[in-house]
Amino acid sequence: MKTALKTLFHFIHGNPEGKREATENFINKSEDFRLLLSANGKALELMAEMTDAARSGQSSGITRIRAYSVMVASSVRQMIERLCRMAPGKYETLRDGFNEIVRDMDQAFAGPSRGPLGPSVIRMRDLRAIDLPEAGSKVAMLGEIRAELGVVVPRGFAITASAFHLFMEATGLDDEINRLIQIHDGTTLEELNDLALSIRQAINLAPMPRELEEAVQEQCARLGDIRFAVRSSALGEDAEQTGFAGQFISKLGVKPAQVTDAYRAVISSMYSATAITYVRNRGLREDEMVMAAGCMEMIDAVAGGVVYTRPPVGGGSDAVIINAVPGLPCAVVDGSSMADSYSVDRATGKVTRRDIAEKEIRFVLTSGGKVRKEKLFGGKELAPSISDRDVERLAALALRIEEHFGHPQDIEWAKDREGLIVILQCRPLTVCEEAPVPRNESWPQDEESRGLAILSGCIPASPGAAAGYVVKVETEEDMFRFPDGAVLLARNARPQLSALLPRAAALVVEFGSSVGHLANVAREYAIPALIGAPGAVERLSGVGVITVNGTNGTIYLGRRKKMIQREARPAARVRTTDVGLALERVLKFITPLNLTDPESPDFRPEGCRSMHDITRFCHEKAVAEMFAQDNRPVSGAFRLAGERAMQYWLVDIGGGTTVEENGSANSSQSIGIESVRSNPMRALWYGMMAVPWEGPPVPRLDSFMSVMTSAAQNPALEAGARNDMGERNYFIVGSRYCNLQSRFGFHFCTIEGFAGDDPNVNYALFQFKGGGASLDRRHLRSRLVAETLEKRGFIAEIREDALFARLEGVSRQAVEQAMAVLGYLLMHTRQIDMSMADPGMVVHYRDLFEADIEELLEGLPDELREAGCAP
Amino acid sequence: MKKIRLLLVDDEPDFLTAYARRFKRRNVEITEASSGQQAIDHVRESEFDVVILDVMMPRMNGLETLRRIKAIAPDLPVIILTGHADSSVLIEGMDMGAFDFLLKPVGTDELYFKVLDAVRTRHRGQP
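Residue numbers (UniProt numbering), protein chains in the order written: chain C, 1 to 871; chain Y, 1 to 127.
Just so you know, the hints here were simulated from the structure itself, not pulled from any lab data.
Hints may be right or wrong, so weigh each one.
Stated by the list, open to error - Okay, the calculated beta carbon distance ranges per label pair:
{"no.": "1", "chain 1": "C", "residue 1": "Pro133", "chain 2": "Y", "residue 2": "Ala18", "range": "41 to 49 Å"}
{"no.": "2", "chain 1": "C", "residue 1": "Asp862", "chain 2": "Y", "residue 2": "Met96", "range": "52 to 60 Å"}
{"no.": "3", "chain 1": "C", "residue 1": "Ala110", "chain 2": "Y", "residue 2": "Ala18", "range": "28 to 36 Å"}
{"no.": "4", "chain 1": "Y", "residue 1": "Ala18", "chain 2": "C", "residue 2": "Asp416", "range": "53 to 61 Å"}
To be verified - Quick list of in silico lysine to aspartate or glutamate cross-link-like pairs, DMTMM-like style, CA-CA up to 25 Å:
{"no.": "5", "chain 1": "Y", "residue 1": "Lys114", "chain 2": "C", "residue 2": "Glu24"}
{"no.": "6", "chain 1": "Y", "residue 1": "Lys24", "chain 2": "C", "residue 2": "Asp758"}
{"no.": "7", "chain 1": "Y", "residue 1": "Lys2", "chain 2": "C", "residue 2": "Glu24"}
{"no.": "8", "chain 1": "Y", "residue 1": "Lys2", "chain 2": "C", "residue 2": "Asp758"}
All values derive from a computational prediction rather than experimental measurement.
Glycine residues also receive a C-beta, built at the ideal position from the N, C-alpha and C atoms.
Work out the full structure, taking the sequences as your base and the hints as a guide.
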């Protein structure tokens, strides 16, 4: 490109020295103008994307929002730099205003400020509920019930939020993790797994701060040679805890010397592919996720399970629900095994119902501290996991805990070899008030649904009815392919599936418990759910759309509209998410347009209060600097004469016209196209005029409305259209050079070409942006133009509806042909974006263009010869 | 066509290799530097048309590297390309005369066109 311009100047020799300098200035200015327009397009595009994201509430992480903001700022700053170069000394104060707005934007991102760091570890015996912000609720609540109620909980300690911050900051991990999230910009499973792997490596490589390492080892030494369970205790709102819980790992059977390694693993689990998806779906800020950890002695349990102090579905009932399995309680929590189930009357404290399951396996702790799966046989499968007396002790204990917190509880427990009941975890329980209809009771069938039930007698886990396409999820890959609004079908109630629930219409699971983690999350999201639906995977595979009735435990074929209406429940409350809030706050400094009137006295750098204002200001001033009367280039601008040429102006930077030779014209005069000697301009003009334009396609009503709304929503586009200067179309020509800046209504276009005898310095470029139709149609239009150009050797790039294409290092004839094609496309792709909704029209235009262009190129050599351009 | 001489500065070897491979097909001659100091040595010893510079590097960071490059070759265009969405780096870098500030990940085409823009601007003899 360097030599291209040298060659260009070479062609301009012969001008008086002063004039030549002025011409060079003009070329420079025109190049700055081109770069400014390109930055302007990008800034507006990014703003539109951010606005869309805010309106749709679509999931995206805070890292992405921050990246977008900085990219907007970068484009705007680029516009300022270009404008300052176009007119040195006039607009320098823009930078101050820009800096100030950027500072405001940064403020909008800042989370709540954090106080000084506290201790890295806190012993269980010192923990209370009030320590939740340091220890996370999981561990703090255990400390609370131990101290206040004398409940037995495991010995151990918490690694605090302060420890997490210390680790992140002392090692620079926080910056590094943000950077990794930023550069791995993707949402597919593969991309997110790559990201998770990179973050895990970074966490593993970061040295543990010495004071943290020492504090942990001191606690371990105090507790002796025991085996630990190192559990995640993430910080977040209470309501988030359940959703989160399934995503993070616990390390079991950890030796004292391995506790910090296990701690790293727990932190890493916060960035797993599913956890990140969950965080994004929930609009949480990944830069504010904090992981505390509980390090607790492993309980060598003979039995364990979960207590719900009220039935989670149908909270009106006066019962405590207890689930139990032999061995460690992990099998209940993760839904991998059937469990015994008991009801206890809250008033009398007596067992009212017992349901002993056939339990095939149990988990036990080996002497080395490992967790091992064992098969049950010899009648043990059918033995109750615990005695009725244990059940009643548990219920009484659970009710004390409920009373203390004043809210129904979800409690994980274990019974050790000495018969002691140890509480491992307690947290608030989400309860649905409506009672489910017992599954054997007849359900009134409406006409619509009669005979369409394909599976009945499933266990209701969350009430209501919803329909959707049924999609089976078995592997992690299935999870990422899961479409929004589908019915989630799975074999086991794995907690990881909770990451999908915000997007699912309903949930059907073959095995698991209606009181398990997944059921709890389904109720939280108010998604109808059936857990305990034997045969569902086989029966439902490939049946298409089904309606899941989470109240009567039945699944119907197709979409049962009446039933869905009848079962309608208030939607889970929509809350503005943390990311949404940050986005709204930052948009206040980006998108509002205050500078609407270029004639107003406020239209100056000091009046710019948003990024959009600066964009608008720079654009307006750049157009003025480029084309206003007193800024005209040296040789002046000629108006092109001729019926179809009246809207075009022409600037000759040397050798592009015969005007100088004749010495007859001055800048107030018009010249005819026959006076143009620039071969790339002749080719371009020929392409523009060779095939008459039939006018815009008749817009369909919806496209027309879309034009109107676009214009109303994007004043920057409208402003340019209204502006007299912007409406002008300028050719800048030399003997082998041509640059066209043109604007037709909403469309903005730059075409440039150099066509000399040395292929090494030849090029053609094309930039095209805008349009009145909706973004998808404009994108299709750009795609169509790009295809046409790529066939002719251009490298084309599309960003939204903007197209950038370049052709380089080709013969003079190839550039001339390219210019003719560009001229044709410039004239004939105007407003076809309106028709782009219809795939048939895309094909129609593609064929039409190919035929026209072929014919056009045949006539080109003659045209250039007649004009005297051909050698 | 004359090759563009590009100095690519990044401490991440993966990044260097990936971009170097993609650019070599495009008439660009790439010199790699994996630290700020190495970049400065290269700029002292050879001629370049454009520099792509990372920000977060151990020892000498990108902004310091930029300052020193500008002291040696004031009109050598430098494109900052960083994984760090940090507005203060944007402002400081542009104040020091960076040609542009881009965030990773950037498509090869977009980066290539930026490189062409930067090279063009330089050879128009602008400061």
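Results of checking the hints against the structure:
no. : hint                              : result
1   : Pro133(C) to Ala18(Y): 41 to 49 Å : holds, 42 Å
2   : Asp862(C) to Met96(Y): 52 to 60 Å : holds, 54 Å
3   : Ala110(C) to Ala18(Y): 28 to 36 Å : holds, 34 Å
4   : Ala18(Y) to Asp416(C): 53 to 61 Å : holds, 55 Å
5   : Lys114(Y) to Glu24(C)             : holds, 22 Å
6   : Lys24(Y) to Asp758(C)             : holds, 22 Å
7   : Lys2(Y) to Glu24(C)               : holds, 23 Å
8   : Lys2(Y) to Asp758(C)              : holds, 12 Å
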